[in-house]
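Put together the whole structure using the sequences plus the hints.
The listed protein sequences derive, respectively, from chains A and B.
Per this note's numbering: the first sequence ends with 85, consecutive numbering throughout.
Per this note's numbering: the second sequence ends with 183, consecutive numbering throughout.
Heads up, a few of these hints could be off.
Unchecked claim - Simulated coverage check for chain A against chain B, where a stretch passes if three residues somewhere in it have a Cβ under 8 Å from a Cβ of chain B:
{"#": "1", "segment": "27-40"}
{"#": "2", "segment": "63-71"}
To be verified - Only some residues are given here: those of chain A computed to face chain B with a beta carbon under 10 Å:
{"#": "3", "residue": "11"}
{"#": "4", "residue": "12"}
{"#": "5", "residue": "13"}
{"#": "6", "residue": "14"}
{"#": "7", "residue": "43"}
{"#": "8", "residue": "46"}
{"#": "9", "residue": "49"}
{"#": "10", "residue": "57"}
Hint data in this document are derived by calculation from the structure and do not stem from the laboratory.
The structure presented is a predicted model; accordingly, all values stated were derived computationally and were not measured.
Glycine residues also receive a C-beta, built at the ideal position from the N, C-alpha and C atoms.
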Amino acid sequence: MTASSSDVLWACVEEGFHVGSRGGDFLGYVDRQASGEFRAFDARSEQLGDFATLAEATAAVAARAERLDLDGMLAGDDMQGTVS
Amino acid sequence: MTGQGTDVLSLVYTSSASQPFRETALVQLLTECRRNNAAVDVTGMLLYRGGRFIQVLEGVADTVRELAERIRRDPRHHDMRVLLEERVSQRRFPDWTMGYRALRGGEDAAPEGYRDSFADLDADSDEDTARRALAELTLWFRVRSAASVDA
Chain A
2 MTASSSDVLW
12 ACVEEGFHVG
22 SRGGDFLGYV
32 DRQASGEFRA
42 FDARSEQLGD
52 FATLAEATAA
62 VAARAERLDL
72 DGMLAGDDMQ
82 GTVS
Chain B
33 MTGQGTDVLS
43 LVYTSSASQP
53 FRETALVQLL
63 TECRRNNAAV
73 DVTGMLLYRG
83 GRFIQVLEGV
93 ADTVRELAER
103 IRRDPRHHDM
113 RVLLEERVSQ
123 RRFPDWTMGY
133 RALRGGEDAA
143 PEGYRDSFAD
153 LDADSDEDTA
163 RRALAELTLW
173 FRVRSAASVD
183 A
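Here you go:
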């Protein structure tokens, strides 16, 4: 199962700082900058970019999580392939 | 630092300030807290929002429980409730004898559709919710603390 925007739980820790998770797994966070832009980070705290709106930034976190999920699934397939 | 193995207990509690905390009273509280914690090898963080405290204490189990009982008797706060008590493989706040942060904004800071981490932990929620909220607050504390050091 991969992360879609709809099944991500978003929490606000303080004004401007938002954390995304799914089923207890940390997906990333969004931190509003002094400029007013929303800076998105993935689960490894790597920057995903600055966005004009909170919705765009949270969507970027969810998309990144989905891609990491897919990468993980594909890596699992590769490992199975090398074992057989 | 001792207590790095499985004997580390992390205890999280919430309480209410007995009266509004002025900056000087808070500085005094933190100074006492850090001195006492350093003496018994306890680390953790203290958060404050709108008259409510959330504190994480971590260290050797007996020491942490004794400290929590002493804190319970401190007249500067009341209505202390333990929210989480768990064994952890390593300390979450190894570098803080008592890190402190006040949260900006109040209970209505969360946009519509967003959970409020402080309220979720403070509300004596189920264990999964409390753990999630604690993880969110811990992440925020670390990000903000790192930014303070870099600044």
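Hint check results:
Check on the segment 27-40 of chain A: 3 of its residues sit with their Cβ under 8 Å from a Cβ of chain B, so the three-residue criterion for coverage holds. For the segment 63-71 of chain A, the proposed coverage by chain B is not satisfied: 0 residues have a C-beta within less than 8 Å of a C-beta in that chain, short of the threshold of three. For residue 11 (chain A), the interface hint holds, since its Cβ comes within 10 Å of a Cβ in chain B; the closest pair sits about 5 Å apart. With 10 Å as the threshold, the beta carbon of residue 12 (chain A) comes within range of chain B, its nearest partner Cβ sitting at about 4 Å, so the hint holds.
Contact between residue 13 (chain A) and chain B, as hinted, is supported at the beta carbon level, the nearest pair being about 4 Å apart and thus within 10 Å. Because the smallest distance between the Cβ of residue 14 (chain A) and any Cβ of chain B comes to about 4 Å, under 10 Å, the interface hint for this residue holds. With a cut of 10 Å, the hint placing residue 43 (chain A) at the interface with chain B is violated, because the nearest CB-to-CB distance is about 13 Å. At its closest, the beta carbon of residue 46 (chain A) sits 8 Å from a beta carbon of chain B; the interface hint therefore holds under the 10 Å criterion.
Of the supplied interface hints, the one on residue 49 (chain A) is violated, with its beta-carbon coming no nearer than about 15 Å to a beta-carbon of chain B, more than 10 Å. Residue-level restraint check for residue 57 (chain A) is violated (minimum Cβ-Cβ distance to chain B is 14 Å; threshold 10 Å).
Of the numbered hints listed earlier, those contradicted by the structure are 2, 7, 9, 10.
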